[in-house]
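Given chain A, work out where chain B should sit, using these hints.
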Amino acid sequence: MKSVTLGQYYPIESKIHSLDARVKLIGVIIFIISLFVATNFLAYGIVGIFLYFCIKLAKLPLKFVIKGVRALGYVIVFTMVVNVIFSPGEIILLDLGFFNITLEAVLWGILITLRFVLLIISSSLLTLTTSPINLTGAIETLLSPFKKIKLPVHEIAMMMTIALRFIPTLMEETDKITKAQMSRGAEFDSGSIAKRVKSLIPILIPLFVSAFRRADDLAMAMEARCYRGDINRTKLKELRYTKNDVIAYAIMFIFLLLVILTNFIYY
Amino acid sequence: MSILKTKDLIFEYKTSEINYRALDNINLDIEKGSFVVVLGHNGSGKSTLAKHFNGLFVPYSGDVFLNNLNTKNEDNIWKIRQSCGMVFQNPDNQIIATMVEEDVAFGLENIGIEPEEMKKRINFALNSVNMQNFRDSIPSTLSGGQKQRIAIAGILAMKPECIIFDEPTAMLDPIGRRDVISTIHNLIKEGITVVLITHFMEEAIKADRIIVMDKGKIVMDDIPKNIFSDIEKIKKYSLELPQITELANELNILGLDIPKNILSISEMVDFLKNVLKVEDTKKENWKENLKLEQEITSNKILEIKDLNHIYSKGTPFEKTALKNINFDIYEGSFVGIIGHTGSGKSTLVQHLNSLLKPTSGNIFLNGEDINEDKKKLRSIRQNIGLVFQYPEHQLFETSVFKDVAYGPKNMGFSEEEINKRVVSALELVGISNDFFEKSPFDLSGGQKRRVAIAGILAMQPKVLILDEPTAGLDPIGRIEILEQINELHKRTKNTVIIVSHSMEDIAKLTDSILVLNNGEIKYTGTPSQVFSYTYELEKIGLSVPVICYLMHELNKIGFYLPKNIFTVKEAAKAILDIKK
Chain A
1 MKSVTLGQYY
11 PIESKIHSLD
21 ARVKLIGVII
31 FIISLFVATN
41 FLAYGIVGIF
51 LYFCIKLAKL
61 PLKFVIKGVR
71 ALGYVIVFTM
81 VVNVIFSPGE
91 IILLDLGFFN
101 ITLEAVLWGI
111 LITLRFVLLI
121 ISSSLLTLTT
131 SPINLTGAIE
141 TLLSPFKKIK
151 LPVHEIAMMM
161 TIALRFIPTL
171 MEETDKITKA
181 QMSRGAEFDS
191 GSIAKRVKSL
201 IPILIPLFVS
211 AFRRADDLAM
221 AMEARCYRGD
231 INRTKLKELR
241 YTKNDVIAYA
251 IMFIFLLLVI
261 LTNFIYY
Chain B
1 MSILKTKDLI
11 FEYKTSEINY
21 RALDNINLDI
31 EKGSFVVVLG
41 HNGSGKSTLA
51 KHFNGLFVPY
61 SGDVFLNNLN
71 TKNEDNIWKI
81 RQSCGMVFQN
91 PDNQIIATMV
101 EEDVAFGLEN
111 IGIEPEEMKK
121 RINFALNSVN
131 MQNFRDSIPS
141 TLSGGQKQRI
151 AIAGILAMKP
161 ECIIFDEPTA
171 MLDPIGRRDV
181 ISTIHNLIKE
191 GITVVLITHF
201 MEEAIKADRI
211 IVMDKGKIVM
221 DDIPKNIFSD
231 IEKIKKYSLE
241 LPQITELANE
251 LNILGLDIPK
261 NILSISEMVD
271 FLKNVLKVED
281 TKKENWKENL
291 KLEQEITSNK
301 ILEIKDLNHI
311 YSKGTPFEKT
321 ALKNINFDIY
331 EGSFVGIIGH
341 TGSGKSTLVQ
351 HLNSLLKPTS
361 GNIFLNGEDI
371 NEDKKKLRSI
381 RQNIGLVFQY
391 PEHQLFETSV
401 FKDVAYGPKN
411 MGFSEEEINK
421 RVVSALELVG
431 ISNDFFEKSP
441 FDLSGGQKRR
451 VAIAGILAMQ
461 PKVLILDEPT
471 AGLDPIGRIE
481 ILEQINELHK
491 RTKNTVIIVS
501 HSMEDIAKLT
511 DSILVLNNGE
521 IKYTGTPSQV
531 FSYTYELEKI
541 GLSVPVICYL
551 MHELNKIGFY
561 LPKNIFTVKE
571 AAKAILDIKK
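Read top to bottom, the protein sequences are chains A and B.
Residue numbers for the first sequence follow our numbering, beginning at 1 and rising by one.
Residue numbers for the second sequence follow our numbering, beginning at 1 and rising by one.
Check the hints yourself; a few may be wrong.
Below 27 Å or equal to it, Euclidean Cα-Cα: the simulated DSSO-like pairs (lysine-lysine) are [claimed, not checked]:
| # | chain 1 | residue 1 | chain 2 | residue 2 |
| --- | --- | --- | --- | --- |
| 1 | A | K176 | B | K376 |
| 2 | B | K375 | A | K176 |
| 3 | A | K179 | B | K409 |
| 4 | B | K313 | A | K59 |
| 5 | B | K375 | A | K195 |
| 6 | A | K198 | B | K420 |
| 7 | B | K313 | A | K67 |
| 8 | A | K179 | B | K79 |
| 9 | B | K159 | A | K243 |
| 10 | A | K195 | B | K409 |
| 11 | B | K376 | A | K195 |
| 12 | A | K198 | B | K438 |
| 13 | B | K119 | A | K235 |
| 14 | A | K198 | B | K402 |
| 15 | A | K179 | B | K376 |
| 16 | A | K235 | B | K159 |
| 17 | A | K198 | B | K448 |
| 18 | A | K176 | B | K448 |
| 19 | B | K120 | A | K237 |
| 20 | B | K438 | A | K179 |
| 21 | B | K323 | A | K179 |
| 22 | A | K179 | B | K420 |
| 23 | B | K313 | A | K176 |
| 24 | A | K235 | B | K79 |
These aren't lab readings, by the way, just hints derived from the structure by calculation.
Only a predicted model underlies this, so the values are computations on that prediction, with no experimental measurement involved.
Next comes chain A alone, as it looks inside the complex:
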């Protein structure tokens, strides 16, 4: 098992965990909006503090959250470098002949990177504190107005549930098939790229065959339990807002307002 913490549900009890999944989903959207509204360091300060406060409230170990970001380390560094090199600017810090590194570009690079890192942390905060089932539930309810324009909302949610349910099963299966082929002398980490891709065939074919077999079985089992789509269906868990959810909405609104206000202070 690889230690990918990015987005893996962290099952503990906290104020954030117990919020309605819809609140958290909208919260992340508000947060992302605030990141794009924020164009100065004061705003980023507010955003950063707000996020820190959320992590603390969710009782997540800071190390654990940061470790998840580190998994994307290369992408982050790459974003930074590209922005520093290619952004325009006037105050030249370093003249390298082909191109100049300017103060504006460095600042911009830092800002963009910060935005990126905060984006990753905020969205992983959502999945870390929300069980997959609640998340799909929230998506289904939030999307339900779109049923009127024939968007298959129920089917999308059902697909997500089944996908989530089968991810661990298929991961286990992949591990098993890989080991079984390794027992037959397969090697996946040597040779040219073409050779490596080819060496995946003995894993992918059995995996597909098995996924189809499972899909067949599952369809049969669902039918046997009277599944017929979104006809006459009830739900075990109806999502209901509590007082805390309302407070959370209010806090998020104030937060967004604050971030927007910083723009006026600067200009």
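Using the frame of chain A, we list chain B on its own:
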């Protein structure tokens, strides 16, 4: 009163070439509240029949009625599926939701039950299958037996009158099987009609009625006693006798006047009590003619020294899978490894060909540490062949021949050598050359498994490891594979290691056994030594051969019989020895 009825039921599978008649004129009437077992080899039409009962399949001609509702009528279908639930073979493939509670609710949501009522029914259903403490669990963390019980709860919540079980225990370990079977028996007591399809004869002996199918027809339909007294027919339809019945037959052959249709341990004990007198047996009469110590004449081929394995070390998910394993395997021996699911069996065998690396400790092949030199990895994996559980799931090539050649090709043998090895490996598993160019996906279940085993044999390993080689097969497939493995062992004199839940298989084949419990070695020794710990083994989630239980029961009522007997033949001999 009848609940299920079929009338002149015919069903055909249509392929581009032929119409295959899977069900041929079935007329059946099942009483409400009865417990009916359906037996028959793979492909006999059992599952196809079962899927007609709740309208998953619609007859090609003829009719199926549930409570007088015709399954052909689309208006009836949801009513029918609600009153006739179905539990399938693979526990993984019938759980839909990511949480136990949600999964049990799935059927209720589909039929539009109000949330309040749903909660009540979920409680009731989880209590009935004894899973009330797993309400909030994630299905993928449960064992196979627990998953099956969740599937049963999902059906129970819908308040069915009848439940069809399609080989519900085929993929389970002994403890899972025991739990599921006892859950089924509770349902029968509650008055639910149960139709159980199975390959395990021991599960059939308590039925009210057994139906045997062959080639899409019902060929026998009677009470268990009558079914199992007709040995000719049992053989003809590729079934087995329950162990106790086999013993009765064996005793009969050896000259004891005993009815041939004794099915259960208690019946057998009752009978023997009357025929044999307790005074006949004295402690001195114990005949320890069994081999107790394994005679060691060969060299150690594999040595496992202080092996420890910890998964995800240093994370919150840390789990010790193996603890201080020390074990030697001798050249030419036949070793059995047993243990409940999660006891570390698979982790252990995956160390033996270096798929997993020890957290600490070493494994030596002929005195050489297998993890020392990375360059030798290929030769290690060639010398120690590991056949995984359900090996047929790893087939991928376009033809049988190519698939078997995959291993030898990776090993870098010459074309000629590869051909030689493939042909001889396929011959060893009894796959004839007409199959060589066929797609492995077109073969039957048993054939696929044999091809997959050939894929390992083609590398001509010195040590052959098989993880659950008979799991999920019907009796005839089971017997065939085991006979081939045994034959192979005798012919090549290779070392064979077999991991199995089937104690009868282990008893028949092996000369030494390793018992694992929670990652540690619990017992090692010859089968007769290990199986003498009947109740200790039961406590750690294993079962012992049925014969062992019988021996214990006989001892309880005063017969002095060796407790280390575990095969039918030995038992028959020991029982007759009392009489002499």
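Would the pair K120/B and K237/A pass a check requiring their Cα atoms to be no farther apart than 27 Å? holds, 14 Å
Going straight from one Cα to the other, do K198/A and K448/B come out at no more than 27 Å? Given that 27 Å is the threshold and the Cα spacing comes to 24 Å, the pair holds.
Straight-line Cα separation of K375/B and K195/A no greater than 27 Å? holds, 19 Å
Would you mind confirming whether the straight-line C-alpha gap from K195/A to K409/B stays at or under 27 Å? holds, 14 Å
Hint consistency between K176/A and K376/B [alpha-carbon to alpha-carbon, up to 27 Å]: With Cα atoms ~22 Å apart, K176/A and K376/B stay inside 27 Å; holds.
Sort out whether K79/B lies within 27 Å of K179/A, counting only the CA atoms. violated, 46 Å
Within 27 Å, alpha carbon to alpha carbon, are K159/B and K243/A? Measuring from Cα to Cα gives roughly 37 Å; hence the hint is violated.
Holds or violated: K119/B with K235/A, Cα cutoff 27 Å? holds, 11 Å
So if I understand the rule, the pair passes when the alpha-carbon distance is 27 Å or less; does K438/B with K179/A pass? The hint holds at about 25 Å.
With the threshold set at 27 Å, check whether the alpha-carbon distance from K198/A to K438/B stays at or below it. Since the Cα atoms of K198/A and K438/B sit roughly 23 Å apart, the hinted pair holds (cutoff 27 Å).
Keeping to a limit of 27 Å between CA atoms, is the pair of K176/A and K448/B held or broken? holds, 18 Å
Taken at face value, is the distance from the CA of K159/B to the CA of K235/A at most 27 Å? Judged against 27 Å, a Cα distance of about 18 Å means the pair holds.
Violated hints, in rising order: 8 and 9; the structure is consistent with all others.
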